[in-house]
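A.B. asks: So the protein lines, in turn, are chains A and B.
Going by our numbering, 94 is the number at position 94 of the first sequence; the sequence numbering is gapless.
Going by our numbering, 38 is the number at position 38 of the second sequence; the sequence numbering is gapless.
Hints are not guaranteed to be accurate.
List of simulated lysine-lysine pairs, DSSO-like, C-alpha gap at most 27 angstroms [what the hints assert, rightly or not]: (1) 42(B) / 79(B); (2) 78(A) / 42(B); (3) 78(A) / 45(B); (4) 68(A) / 45(B); (5) 79(B) / 45(B); (6) 68(A) / 24(A); (7) 42(B) / 2(B); (8) 68(A) / 42(B); (9) 78(A) / 24(A); (10) 45(B) / 2(B); (11) 24(A) / 2(B); (12) 78(A) / 68(A); (13) 24(A) / 79(B).
I should point out that these hints are in silico values taken from the structure, not numbers from a laboratory.
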Amino acid sequence: DAGVIQSPRHEVTEMGQEVTLRCKPISGHNSLFWYRQTMMRGLELLIYFNNNVPIDDSGMPEDRFSAKMPNASFSTLKIQPSEPRDSAVYFCASERASNTEAFFGQGTRLTVV
Amino acid sequence: RKEVEQDPGPFNVPEGATVAFNCTYSNSASQSFFWYRQDCRKEPKLLMSVYSSGNEDGRFTAQLNRASQYISLLIRDSKLSDSATYLCVVNVEGFQKLVFGTGTRLLVSP
């Protein structure tokens, strides 16, 4: 298996623009997580899905952030409009079942200027 | 109070040293515990799960203390390749909500 695949790997955008991050989880995994990592705050859980259904989005910072999982093999995290403080590395992870290993994608490094 | 807390370090140790990290968690209903390792500019990867009875994997030993709500990681005979950030992870509320600590950075020097 190719593992969790995220795209793009790097994104540089101007403040106010819409940004869409994409994730393909490992086939057969039924949970998907979106995390944001910064030096100051570490890894923050933004939202997670179980069987394509959003379970907890309490970590989504504000309404500018939204996430979807239309099917078991694809998820998006959208920021509209983007702001410089959104600059971070965004990780997607998937898990086969509860209490098993979570596998991370390589992350998307977002820079908003 | 943060759900999972770790000393950010860095811990600077010479090769061959033994080093230990602790992590505390706030939710007494937490059921699963893990240590992940993250290398610079890479994604986190599972190092080991932490079981109630404690577990060992080569030079690495993990312990869980439910009464005091902390977990620990002990690394014996440190290698240069152990230099990384070690993340404490807790499955909060007994569901698939993995919460990460901010990590403890380890630097092993020759």
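A.B. asks: For each hint, tell me whether it holds in the structure or not.
C.D. replies: Hint by hint, here is what the structure shows:
Restraint check for residue 42(B) and residue 79(B): satisfied, since their Cα atoms lie roughly 19 angstroms apart, inside the 27 angstroms limit. Note on residue 78(A) and residue 42(B): the hinted pairing holds, with a Cα-Cα distance of about 22 angstroms set against a maximum of 27 angstroms. For the proposed pair residue 78(A) and residue 45(B), the alpha carbon gap of about 25 angstroms is at most 27 angstroms, so the pair holds. Distance check on the hinted pair: residue 68(A) and residue 45(B) sit about 25 angstroms apart at the alpha-carbon level, within 27 angstroms; holds.
Straight-line distance between C-alpha atoms of residue 79(B) and residue 45(B) comes to about 18 angstroms, which keeps the hinted pair within the 27 angstroms bound. Distance hint between residue 68(A) and residue 24(A) is fulfilled; the C-alpha atoms sit about 12 angstroms from each other, no more than 27 angstroms. The straight-line distance between the Cα atoms of residue 42(B) and residue 2(B) is roughly 24 angstroms, inside the 27 angstroms bound, and the hint therefore holds. Pair hint residue 68(A) plus residue 42(B) holds up; C-alpha atoms about 25 angstroms apart against a cutoff of 27 angstroms.
Proximity of residue 78(A) to residue 24(A) is assessed by CA-CA distance (about 15 angstroms); at most 27 angstroms being required, the pair is judged to hold. Annotation: proposed proximity of residue 45(B) to residue 2(B) holds, straight-line Cα distance about 22 angstroms (limit 27 angstroms). The hinted pair formed by residue 24(A) and residue 2(B) fails the criterion: a straight-line CA distance of about 30 angstroms is larger than 27 angstroms. Only pairs whose Cα atoms come within 27 angstroms are accepted, and residue 78(A) paired with residue 68(A) is accepted, the gap being roughly 9 angstroms.
Proximity of residue 24(A) to residue 79(B) is assessed by CA-CA distance (about 35 angstroms); at most 27 angstroms being required, the pair is judged violated.
Hint compliance for this structure: hints 11 and 13 are broken, all remaining hints hold.
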